[in-house]
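Novice: Just so you know, the sequences run in chain order A and B.
Count along the first sequence from 1, then add 255; that gives the number in the working numbering.
Count along the second sequence from 1, then add 255; that gives the number in the working numbering.
One thing to keep in mind: the hints can contain errors.
Identical copies go unnamed one by one, so any copy, or any two together, can satisfy a pair.
No farther apart than 25 Å at their CA atoms in a straight line, the calculated lysine-lysine pairs in the DSS-like style are these [as the list claims (entries may be wrong)]:
hint: 1; residue 1: Lys457; residue 2: Lys629
hint: 2; residue 1: Lys681; residue 2: Lys400
hint: 3; residue 1: Lys502; residue 2: Lys457
hint: 4; residue 1: Lys461; residue 2: Lys315
hint: 5; residue 1: Lys681; residue 2: Lys315
In short, the hints are calculated from the structure, not lab data.
There are 2 protein chains.
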Amino acid sequence: MSITGKQIIGYGLSQQGSREFHGINASTGEVVGPIFYEATTDEVDAAFTLAKSAFSTYRKISDLDRAQFLMAIIDEINAIGDELIQTACAESGLPEARITGERGRTTGQIKAFADFISNDQWRKEIHDPALPDRQPLPKPDLFQKQIPLGPSVIFGASNFPLAFSVAGGDTMSALAAGCPVVFKAHPAHPNTCELIGTAIQKAAQKTHMPEGVFSMIHATSHEIGGYLVTHPITQAVGFTGSYRGGKALYDLAVRRPQPIPVYAEMGSINPVVLLSEKIKLAGEALADGLSQSVCMGVGQFCTNPGLLILLKSDEGFLDLVASRLNTMPLGTFLTKGIKEAYANGTKSLANHTGVQQLTSSDLPSPALFKISAKEAMNHPEVLEEVFGPSTLAIVAEDMEEMIAFIDSLPGQLTATIQGEKSELSKSSDLIEALTQKVGRILLNGFPTGVEVSGAMVHGGPFPSTTDSRSTSVGTQAIYRFTRPVCFQNFSSELIP
Amino acid sequence: MSITGKQIIGYGLSQQGSREFHGINASTGEVVGPIFYEATTDEVDAAFTLAKSAFSTYRKISDLDRAQFLMAIIDEINAIGDELIQTACAESGLPEARITGERGRTTGQIKAFADFISNDQWRKEIHDPALPDRQPLPKPDLFQKQIPLGPSVIFGASNFPLAFSVAGGDTMSALAAGCPVVFKAHPAHPNTCELIGTAIQKAAQKTHMPEGVFSMIHATSHEIGGYLVTHPITQAVGFTGSYRGGKALYDLAVRRPQPIPVYAEMGSINPVVLLSEKIKLAGEALADGLSQSVCMGVGQFCTNPGLLILLKSDEGFLDLVASRLNTMPLGTFLTKGIKEAYANGTKSLANHTGVQQLTSSDLPSPALFKISAKEAMNHPEVLEEVFGPSTLAIVAEDMEEMIAFIDSLPGQLTATIQGEKSELSKSSDLIEALTQKVGRILLNGFPTGVEVSGAMVHGGPFPSTTDSRSTSVGTQAIYRFTRPVCFQNFSSELIP
Chain A
256 MSITGKQIIG YGLSQQGSRE FHGINASTGE VVGPIFYEAT TDEVDAAFTL
306 AKSAFSTYRK ISDLDRAQFL MAIIDEINAI GDELIQTACA ESGLPEARIT
356 GERGRTTGQI KAFADFISND QWRKEIHDPA LPDRQPLPKP DLFQKQIPLG
406 PSVIFGASNF PLAFSVAGGD TMSALAAGCP VVFKAHPAHP NTCELIGTAI
456 QKAAQKTHMP EGVFSMIHAT SHEIGGYLVT HPITQAVGFT GSYRGGKALY
506 DLAVRRPQPI PVYAEMGSIN PVVLLSEKIK LAGEALADGL SQSVCMGVGQ
556 FCTNPGLLIL LKSDEGFLDL VASRLNTMPL GTFLTKGIKE AYANGTKSLA
606 NHTGVQQLTS SDLPSPALFK ISAKEAMNHP EVLEEVFGPS TLAIVAEDME
656 EMIAFIDSLP GQLTATIQGE KSELSKSSDL IEALTQKVGR ILLNGFPTGV
706 EVSGAMVHGG PFPSTTDSRS TSVGTQAIYR FTRPVCFQNF SSELIP
Chain B
256 MSITGKQIIG YGLSQQGSRE FHGINASTGE VVGPIFYEAT TDEVDAAFTL
306 AKSAFSTYRK ISDLDRAQFL MAIIDEINAI GDELIQTACA ESGLPEARIT
356 GERGRTTGQI KAFADFISND QWRKEIHDPA LPDRQPLPKP DLFQKQIPLG
406 PSVIFGASNF PLAFSVAGGD TMSALAAGCP VVFKAHPAHP NTCELIGTAI
456 QKAAQKTHMP EGVFSMIHAT SHEIGGYLVT HPITQAVGFT GSYRGGKALY
506 DLAVRRPQPI PVYAEMGSIN PVVLLSEKIK LAGEALADGL SQSVCMGVGQ
556 FCTNPGLLIL LKSDEGFLDL VASRLNTMPL GTFLTKGIKE AYANGTKSLA
606 NHTGVQQLTS SDLPSPALFK ISAKEAMNHP EVLEEVFGPS TLAIVAEDME
656 EMIAFIDSLP GQLTATIQGE KSELSKSSDL IEALTQKVGR ILLNGFPTGV
706 EVSGAMVHGG PFPSTTDSRS TSVGTQAIYR FTRPVCFQNF SSELIP
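Isolated chain A, as found in the complex:
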């Protein structure tokens, strides 16, 4: 497939701007693909004009027809074949097995949304029948269902070039809900974005969706991102990325004349509590699992375990984890910027008073640090996310201090407890404290690897996201893009 470097505006391509950039091979630093052009505000306006017009039709298209559109996207993605895998591997530096797996996860996720909206129940209909003889006043017939919010802007993430990007869960939940999407491509993998964006464009045409149901904008500047969020036609925003990026978009959205919801997933350090019996009985396996989870995807997962919490009496276990991490390769980062930030972040942690580095390799490398719970509570800056294969162990004097530390934590996507049955049954305060901080809590697992399913919550209290009432993974993610409407005394044939 020939990649153009242009904006996808409805069923056309557009290149009006002159600001250029390139896709970069994450491993070699070489250019990948053609020149890409940053969108102009006129191009963004054109995408929104089409999206607004498409919404008036798209919201009325039957659930089954929208499901067919989603299924057609799967076919088009699969039809790209090896070119997609090679391009995504080159731009992300991630290995082929990972990208192939991620493609399966992405299409599986699309199918999950298609299946979900193929069942009427997704609209959460509630019907209270009329009681015409009720005293003192008759009760009217009331019928509630969910309707789509309107044209939505989705920002792709760099760390999952397929599953959290153009055809990722955010785009698919908005499209499934009945909202047209204007997608902001991630400049770390623009070629991959165009391949997938073109697949969605083709699928929309083949299934006769209204033009403008999907457009894709390239930009490296913050200005275009802000323009997308503050555009009056935008009704909701999905984002996965850094705290700084997500919070900036949130701040713009809530200051609009008409504020709109922003679902920004901004990362997390994902505390893992290691209890004594578990360490005693399964220390080797635990050290293996932990070090693999820390290094998975070069540590560039939102759910990477960046924080271990254990008792002072179990501190010796950390040497085992450090020895495992010492043998792990660092791997290729997604971008030069992330690589530099990792080097700076780990060095800054290593130099922090109270922080001790337990891994022996020169930084940057997979790294384990430790600090006492007391010091960490006095220096919350040590808890700032270091994106990459680094983890900080918090050493607590006793369970009381451990829980006090957990109570002091900001909101997180996940928390994990590793413990034996006997100790877990006595840990209700610990479980309760962790539950208050997270969207997902795991027993005896590792937080990396987010299952796509109805019960998943990939979300959590601020600052892990801007809206703890939602999830960005799993079928419930659709409700970020809907709102309830009540129809009073409507016969069913009159309900839109």
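Keeping the supplied structure of chain A fixed, place chain B upon it in accordance with the hints.
Specialist: Chain B in isolation, oriented as in the chain A frame:
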């Protein structure tokens, strides 16, 4: 019962401040009850310290025990007896029959929440069982349920001194969800607030709820309102009142270091579309119903029909409505401020170029104005809510202009269509256009009178509320105060 004028802080009373105010009889302007004291920030802090501590217990109390607490509130409210009716009538100027009815609505609403949480299903549990043999990776067991957000601040409204005040739907949905409430009493009915606040305090003690599950703060200043919303312990805010008040609280909440959700219901002008056949066949009944709905509760309802929309060919019908309104008494406004705002608002409309007054009585009085759709679209300031028994008729040249006008409207709580079956079946574009603007759409009814039920949506797109994804009336209102958590690989006895 002796009214103290003090803050209710947990199980105690507090009076530390020196700023004083009084309850006022809305009809006579006379003082009602004792001196009331505006809360100090120390008193607010004390309420929050108790609320935070209460939350750690209250969130673990069983659903059935919380339901018992709610039912005990009903008993305590009923036990106040006539004093409640007399006090609320005096402070609001509303007639006894209305206040007695509102008490029944209030206790009915509390019972609805008690019943709702007595059924496990309210927690929206989703269970995806493990698939240990799945390839390439086993699927973990995932269990999702709703948990409470935390201590919440509720602001009472002036126009429903019982149903949207201390024990109104906002407070009850937060308490039902498991969130302690710090309630900001409305200075337009402080005696009524203390009677109900004391009832909740007693019910909490009798049912052994943790101290701090409910506190009530008096204040007339904006400073204390802002202090409540920006307090770090506050996790959610409910509000019913003016656009200016609700938007100010929203702006504070989203600028906090930790932004929190604000559910502000800020009013609406509630368009009513009058179709030709209906006017022809049922004009007299329609004029009766409309004029009664406009004047109900002195027009001081969030769902008051402030906007009529009809075709130029049906314009003559407006004279019939005007003749009805000419015979209606103005009634007693809730406060002097609302009375003055109504006088100014109607006079300003009457003097607006393009606006014609159709009612003949001197202003202030129940009033009907008209303007052409074209003029109204050029002068959107005529659509600003005039709180009281005033309504503005929009005269459209044809259906196309009518729909263009509707498309230009800001978000509304409700919209209504009055039409005969034959014309409704041809009105899908009209129904669709209105649906996009509202939380509730009615056929052949009047928007005043909001049913408390599962399917109700009392909400709508901005600026009618700050969160169109929620309702402030009906049992679904509980989900404003919860968030989902996913438990991964938890055996059921370990789930908090």
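Novice: So, for every hint listed, does it hold in this structure?
Specialist: Results of checking the hints against the structure:
For the homomeric pair Lys457 and Lys629, neither the shortest alpha-carbon distance inside one copy (57 Å) nor that between copies (41 Å) is at most 25 Å. Taking the shortest Cα distances, Lys681 and Lys400 sit within 25 Å of each other only across copies (22 Å), while inside one copy they are farther apart (43 Å). In this assembly of identical chains, the alpha carbons of Lys502 and Lys457 never lie at most 25 Å apart, being 34 Å within a copy and 43 Å across copies at closest. For the identical chains of this complex, Lys461 and Lys315 are intra-copy neighbours only, at 18 Å inside a copy versus 53 Å across copies, given an alpha-carbon limit of 25 Å.
In the homo-oligomer, the alpha carbons of Lys681 and Lys315 lie at most 25 Å apart only across protomers (16 Å), although the nearest pairing inside one protomer, at 53 Å, exceeds that limit.
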